[in-house]
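S.K.: Please build the complex by placing chain P on the supplied structure of chain C, with the hints as guidance.
Given next are the chains, with one letter for each unit.
2 protein chains.
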Amino acid sequence: MAVEFRMPHDVVYYEADVTGKLSLPMIYNLAILSSTQQAIDLNIGPEYTHAKGLGWVVLQQLVTINRRPKDGETITLATKAKQFNPFFAKREYRLIDAAGNDLVIMDGLFSMIDMNKRKLARIPKDMAEAYQPEHVRKIPRAPEVTPFDETREADFVQDYFVRYLDIDSNHHVNNSKYAEWMSDVLPVEFLTSHEPTAMNIKYEHEVLYGNKIKSEVQLVDNVTKHRIWFGDVLSAEATIEWTTASN
Amino acid sequence: MAVEFRMPHDVVYYEADVTGKLSLPMIYNLAILSSTQQAIDLNIGPEYTHAKGLGWVVLQQLVTINRRPKDGETITLATKAKQFNPFFAKREYRLIDAAGNDLVIMDGLFSMIDMNKRKLARIPKDMAEAYQPEHVRKIPRAPEVTPFDETREADFVQDYFVRYLDIDSNHHVNNSKYAEWMSDVLPVEFLTSHEPTAMNIKYEHEVLYGNKIKSEVQLVDNVTKHRIWFGDVLSAEATIEWTTASN
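Those sequence lines, one after another, are chains C and P.
Under full-length UniProt numbering, the first residue of the first sequence is numbered 1, with each subsequent residue one higher.
Under full-length UniProt numbering, the first residue of the second sequence is numbered 1, with each subsequent residue one higher.
Calculated directly from the structure, the hints in this document are not laboratory data.
Where hints are given, some of them may not hold.
Below, computed lysine-lysine pairings styled on DSBU-like, alpha-carbon distance capped at 35 Å [stated by the list, open to error]:
#1 C:Lys-52 with P:Lys-70
#2 C:Lys-202 with C:Lys-138
#3 P:Lys-214 with P:Lys-202
#4 P:Lys-70 with C:Lys-202
#5 P:Lys-70 with C:Lys-82
#6 P:Lys-70 with P:Lys-212
#7 C:Lys-70 with P:Lys-212
#8 C:Lys-70 with P:Lys-70
#9 C:Lys-70 with P:Lys-52
#10 P:Lys-202 with C:Lys-214
#11 P:Lys-214 with C:Lys-214
#12 C:Lys-202 with C:Lys-125
#13 C:Lys-70 with P:Lys-117
#14 P:Lys-70 with C:Lys-125
#15 P:Lys-214 with C:Lys-212
#16 C:Lys-70 with P:Lys-82
#17 P:Lys-70 with C:Lys-119
#18 P:Lys-202 with C:Lys-212
#19 C:Lys-52 with C:Lys-202
#20 P:Lys-214 with C:Lys-202
#21 P:Lys-212 with C:Lys-212
#22 P:Lys-80 with P:Lys-70
#23 C:Lys-202 with C:Lys-212
#24 C:Lys-70 with P:Lys-119
#25 C:Lys-117 with C:Lys-202
#26 C:Lys-80 with C:Lys-214
#27 C:Lys-125 with C:Lys-80
DEER-style ranges, computed between Cβ atoms [said to hold, decoys possible]:
#28 C:Gly-53 with P:Lys-70: 19 to 27 Å
#29 P:Arg-152 with C:Ile-113: 43 to 51 Å
#30 C:Lys-117 with P:Ser-111: 55 to 63 Å
#31 P:Asp-41 with C:Val-220: 42 to 50 Å
#32 P:Lys-212 with C:Lys-117: 39 to 47 Å
#33 P:Asp-126 with C:Asn-222: 43 to 51 Å
#34 C:Ala-198 with P:Arg-152: 50 to 58 Å
#35 P:Arg-152 with C:Asp-10: 41 to 49 Å
The beta carbon of each residue, even a glycine, is placed where N, CA and C say it ideally should be.
Looking at chain C on its own, in the form it has when it is part of the complex (with noise of 0.2 Å):
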């Protein structure tokens, strides 16, 4: 059985957006944080893994809110390994509440790559031995991001840059920052009457520093379709569901 590792976390207020609860990319940083934690703690951190020329790098993030906390809310940060094999590692995270209930679910889907080669890398056996987690042949297949439909324009379209402060120490672009160019594209009259409920995103290929990334997205009913370009490289895609909300 994969050891849960949780940790408390205060919402502050930098963290919440207009609505004044945790806005959708913290999600995605709030869960990296606390398996950041885990690896630390179980010795098998940063410094170990850039110590061995490797780094982990996120492919897919399935996630369900089923409410964001508040910006002063107490909430606990618990992440746990559930299946590794050695190319790749399902983890799961949740988001809850001083009650105990689930407020944010995420399965988020890993892989090594060796930092200088630039290229997959086996998972050390002795760092997915720490997490405990069930071993497997293959791990189950996340479902697919819904397609862009490809015989109409996008809804709406923004350019971003890469700036100075996307990038974290790990000298890659901190992956939030794609839940923000995908979020911010949306026009704030649908941002402030709606409420993610869930959202899944597969990162295809990394943008750096400097570079301009194209947001686009579609929105049919209560679901947003978005893609990130750089240039003519899909960077990643995504699907978000929304329910109305008065917030």
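M.R.: The following block gives chain P in isolation, referenced to the frame of chain C:
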């Protein structure tokens, strides 16, 4: 004597920049976090001011940086009211390390506005009393921001759009965003080879969601002079002092 308020804070990875240290904009967020928390503890927090139709507005912040704390470091946020008169309030903020050293010291000058009339309002007496500040006729002026050299062009210029997530639950641009626009305009080679030691920022006119703003900078030795423009309206200006750093 003003009551000093203290709260612990763990610096986490998404508050750090590529150097692994607390980012420059995050200094402003942590300051406001601590004074808002003090206000909530004294029952004169955002709910109280909003019910009165009032809001705090930051006018100027003067920051001295001895050392930026690192990702993973536990620091103390300390703040107290220094001097109040009926229209202006000066507060002191400090980020303190585990050994009791002042890492960052900030003086912040604030006023209150009537949120409906959008004009200067008197600071309610009971509110001022709760902080136990020194009451003064005149609040000593902070040093002026070093003016731009009008005889020459800016060295670097970049446009930014005010994003959805730049707006916080007070429905105003989070003031840390000005520091982000001011640092992002600098070349990455400068940012990764220099460490900020002081910043003097003066806010002139608020920018709004969707506005396209221009960040410009002149670089003279280890001092950068910044202006944020919305069209031909000066929104904010600042001076940042830097030292050469290996990081």
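S.K.: Does C:Lys-202 lie within 35 Å of C:Lys-117 when you go C-alpha to C-alpha?
M.R.: Holds. C:Lys-117 to C:Lys-202 sits at ~23 Å (cutoff 35 Å).
S.K.: Are C:Lys-52 and P:Lys-70 close enough, with their CA atoms no more than 35 Å apart?
M.R.: holds (22 Å)
S.K.: Is C:Lys-70 close enough to P:Lys-212, meaning Cα to Cα at most 35 Å?
M.R.: This hinted pair holds, its Cα atoms lying about 29 Å apart.
S.K.: Against the 35 Å threshold, does the CA-CA distance of C:Lys-202 and C:Lys-138 hold or violate the hint?
M.R.: holds (19 Å)
S.K.: Evaluate the given range 43 to 51 Å for the C-beta pair formed by P:Asp-126 and C:Asn-222.
M.R.: Cβ of P:Asp-126 to Cβ of C:Asn-222: about 46 Å, so the range 43 to 51 Å holds.
S.K.: Take the C-alpha atoms of C:Lys-70 and P:Lys-117, compute the straight-line distance between them, and say whether it is at most 35 Å.
M.R.: Holds: C:Lys-70 and P:Lys-117 sit about 29 Å apart, inside 35 Å.
S.K.: Tell me if the straight-line CA distance from P:Lys-70 to C:Lys-82 falls inside 35 Å.
M.R.: Holds - the C-alpha atoms of C:Lys-82 and P:Lys-70 are around 31 Å apart, at most 35 Å.
S.K.: Measure nothing beyond the straight line between the CA atoms of P:Lys-70 and C:Lys-125; if it is 35 Å or shorter, mark the hint as holding.
M.R.: holds (30 Å)
S.K.: Need the status of pair P:Lys-70, P:Lys-212: alpha-carbon distance at most 35 Å?
M.R.: Roughly 33 Å between the alpha carbons, so the hint for P:Lys-70 and P:Lys-212 holds.
S.K.: Just to be careful, I want the Cα atoms of P:Lys-214 and C:Lys-202 compared with a cutoff of 35 Å; is the pair within it?
M.R.: holds (33 Å)
S.K.: Can the suggested window of 55 to 63 Å be confirmed for the beta-carbon pair C:Lys-117 and P:Ser-111?
M.R.: holds (57 Å)
S.K.: Evaluate the given range 42 to 50 Å for the C-beta pair formed by P:Asp-41 and C:Val-220.
M.R.: Given a distance of about 47 Å, which is inside 42 to 50 Å, the answer is holds.
Of the numbered hints listed earlier, not one is contradicted by the structure.
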